Amino acid sequence: MVQKGLTGFFEKFLTKESLFINKNILQSTYSPDLILHRNDQIQQIANILGPSLRLEKPSNLFIYGKTGVGKTLSVKYTATKMSEIAKKENIALKIFYINCKLRKVADTEYRLIAKLVRELGKDIPPTGLPTEEVYNIFFNIIDKEKQLFILVLDEIDQLVKKAGDELLYNLTRINTELKNSQISILGISNDLVFVDNLDPRIKSSLSEEEILFPPYNALQIRDILNQRAKEAFKKDVIEQGVIEKCSAYAAREHGDARRALELLRVAGEIAERNGYLKVKIKHIDEAEDKIERDRVLDIVTTQPKQLQAVLYAIISLYTKKNNIIFTGKAYEVYKGTCFRSGLRPLTQRRVSDIIAELDMLGIINAKVISKGRYGRTREISLAITSASESKIKKTLEEGLGLT
DNA sequence: GTCAATTCACATGAAAGAGACCACGGTCTAGTG
DNA sequence: CTAGACCGTGGTCTCTTTCATGTGAATTGACGA
Numbered sequence: 223m224v225q226k227g228l229t230g231f232f233e234k235f236l237t238k239e240s241l242f243i244n245k246n247i248l249q250s251t252y253s254p255d256l257i258l259h260r261n262d263q264i265q266q267i268a269n270i271l272g273p274s275l276r277l278e279k280p281s282n283l284f285i286y287g288k289t290g291v292g293k294t295l296s297v298k299y300t301a302t303k304m305s306e307i308a309k310k311e312n313i314a315l316k317i318f319y320i321n322c323k324l325r326k327v328a329d330t331e332y333r334l335i336a337k338l339v340r341e342l343g344k345d346i347p348p349t350g351l352p353t354e355e356v357y358n359i360f361f362n363i364i365d366k367e368k369q370l371f372i373l374v375l376d377e378i379d380q381l382v383k384k385a386g387d388e389l390l391y392n393l394t395r396i397n398t399e400l401k402n403s404q405i406s407i408l409g410i411s412n413d414l415v416f417v418d419n420l421d422p423r424i425k426s427s428l429s430e431e432e433i434l435f436p437p438y439n440a441l442q443i444r445d446i447l448n449q450r451a452k453e454a455f456k457k458d459v460i461e462q463g464v465i466e467k468c469s470a471y472a473a474r475e476h477g478d479a480r481r482a483l484e485l486l487r488v489a490g491e492i493a494e495r496n497g498y499l500k501v502k503i504k505h506i507d508e509a510e511d512k513i514e515r516d517r518v519l520d521i522v523t524t525q526p527k528q529l530q531a532v533l534y535a536i537i538s539l540y541t542k543k544n545n546i547i548f549t550g551k552a553y554e555v556y557k558g559t560c561f562r563s564g565l566r567p568l569t570q571r572r573v574s575d576i577i578a579e580l581d582m583l584g585i586i587n588a589k590v591i592s593k594g595r596y597g598r599t600r601e602i603s604l605a606i607t608s609a610s611e612s613k614i615k616k617t618l619e620e621g622l623g624l625t
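Residues 223 to 625 (my numbering) are what the first sequence spells out, left to right.
Note that these hints are calculated values from the structure, not bench results. All clues given are correct.
Label-pair restraints from in silico Cβ distances:
| no. | residue 1 | residue 2 | range |
| --- | --- | --- | --- |
| 1 | 268 | 587 | 39 to 47 Å |
| 2 | 426 | 619 | 51 to 59 Å |
| 3 | 457 | 415 | 44 to 52 Å |
| 4 | 269 | 249 | 23 to 31 Å |
| 5 | 355 | 508 | 46 to 54 Å |
| 6 | 269 | 569 | 51 to 59 Å |
In silico DSBU-like links for lysine-lysine, alpha-carbon gap of 35 Å or less:
| no. | residue 1 | residue 2 |
| --- | --- | --- |
| 7 | 298 | 502 |
| 8 | 512 | 500 |
| 9 | 384 | 557 |
| 10 | 615 | 527 |
| 11 | 366 | 316 |
| 12 | 366 | 298 |
| 13 | 309 | 288 |
| 14 | 288 | 316 |
| 15 | 616 | 589 |
| 16 | 383 | 303 |
For clarity, every value in this text was computed on a predicted model and none was experimentally measured. A virtual CB, placed ideally from N, CA and C, is assigned to each residue, including glycine.
Taking the hints into account, I'd like the entire structure generated from these sequences.
In C-alpha cells:
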C-alpha cells in the first residue's frame with residue numbers, strides 16, 4: 223500500500239510544476255553578475271588592490287560590516303575580476319580566499335598555513351608536522367619566483383578568537399623575510415570592534431586601509447530580492463507584498479540580505495511543497511519558523527553530547543516553571559541528566575563555559591547578573607520559540623538516550 | 001540615615017593534562033632472488 | 001636484500017580539569033546626626 227502510494231507521489235512530484243527556475247540563485251553563495259548598492263565599496267576595493275596588477279604590493283586592507291551586507295560577495299567579485307585580468311596579461315598575481323570560520327579547515331595557525339600550502343599544490347598532512355615546518359614549506363614555495371599574493375581571510379575575527387593574534391603578527395611580518403614575493407592581507411570581519419582589541423602593532427599593519435560596509439536598508443534589500451527573484455522564480459509566482467515583507471523582516475535584523483534571501487527561498491520551498499501555485503505572505507512566516515527550527519536543530523544534533531546535556535537540563539527546567547534559570551540550578555539538573563544518560567558530569571567551570579557557548583549560538587540568552595548578597599550568576603532563558611522547543615527536547619532525549 | 005566593608009555564588013583566566021589524531025624515522029620480519 | 005609491518009617519539013588539536021583570581025550589588029554593621 224505504502225509503496226504504491228509512494229510511486230504515485232513521485233509521479234505527481236515529477237509532473238508538478240516547480241515554482242523555481244533556478245533555486246541556486248537564492249543561495250547565499252551565488253554571486254550575481256551585478257551587485258546592487260555596493261558600487262562605492264567595490265570601487266574602493268579596486269582602488270586599493272589595483273596596484274597589485276603592476277606587481278606593486280597593495281596596502282593591507284581591512285573590511286568590516288555586519289553579516290549579510292555583501293562583504294564577501296564584493297571581495298570575491300573584485301578578486302575574480304582581477305584574477306581574470308592577471309591571467310590574461312600574464313601577471314604573477316595570485317589571490318587566495320580562505321574562510322577562517324569553517325571548522326577543521328582554517329581555524330588554527332597550523333591549518334591556515336597548511337591550507338595555503340595545499341592551495342599552492344603541495345599536500346600537507348592534517349596534523350603531525352611542527353607548525354614551524356609548515357611555515358618553511360610555505361616560504362619555500364612562495365619565494366621560489368617573483369610573485370604577488372593577496373590573501374583574503376574571511377571571518378578573520380573567528381580565527382583570532384581561536385588561534386590568537388600572534389598568527390596575524392607572523393603573517394604581517396612574512397614580507398620582511400621574503401626575498402622575491404610579497405603578500406598582502408585582506409581581512410574581512412563581522413565584528414565591528416574587532417580591530418580595536420588587536421595588538422596595536424598588528425592593528426597598524428593589518429588595517430592600513432579600512433572599508434566599512436553599512437547595512438542595507440529595506441529598499442535596497444527589496445531591490446536585491448527583486449533582482450534575484452526575477453531569475454530564480456518563474457514569472458508571477460510571487461504574490462504582491464511578499465518581497466516587501468521579506469525585506470522588512472531582514473531590514474529589521476540589521477539589514478542582512480543573506481537572511482532575506484534564505485527567507486524567500488524557504489518560503490518558496492514551503493509553498494511548492496504544499497502545492498501552492500504562488501508564494502504567499504503567510505509562507506514567509508512559516509519560513510521564518512522553519513529556518514529558526516532547522517538552525518537550532520542542526521546545532522543541537524552536531525554539537526557534542528555534553529553540550530546537549532546542558533541544553534537539555536536548561537530546557538527541562540524552563541518548561542517546569544516559566545521563569546529565569548540560574549547557573550547553579552542548571553548545573554544540578556545537568557548532573558541529574560548526566561546520571562540518567564550515563565555521561566560523566568563535567569565540572570561547573572566547564573558547564574559555565576558551555577552555557578556561554580549556548581548563548582553565543584543564540585539558543586539561550588545568558589546574561590551575567592549580580593544578585594548582591596546572593597552572589598553572581600548567569601540569568602538564563604531560552605531563546606527559541608515554544609513550538610520548536612518540544613521538538614528540540616525530543617531530539618535531545620533521543621540523542622542522549624533518555625526516554 | 002549614611003557609608004564603607006563584607007559576602008555570596010558564581011564568572012573569568014591561565015595553565016596544564018588526557019586522549020585522539022598524525023608524520024617521521026628506526027627496527028624487525030618475512031618474502032624474494 | 002628489500003618491502004612492508006610495527007614501534008617510539010614528537011607534533012597538533014579538542015575538550016577538560018585544577019587552581020586562582022575577579023566581581024557587582026544586597027546586606028551588614030559601625031558611625032554620626
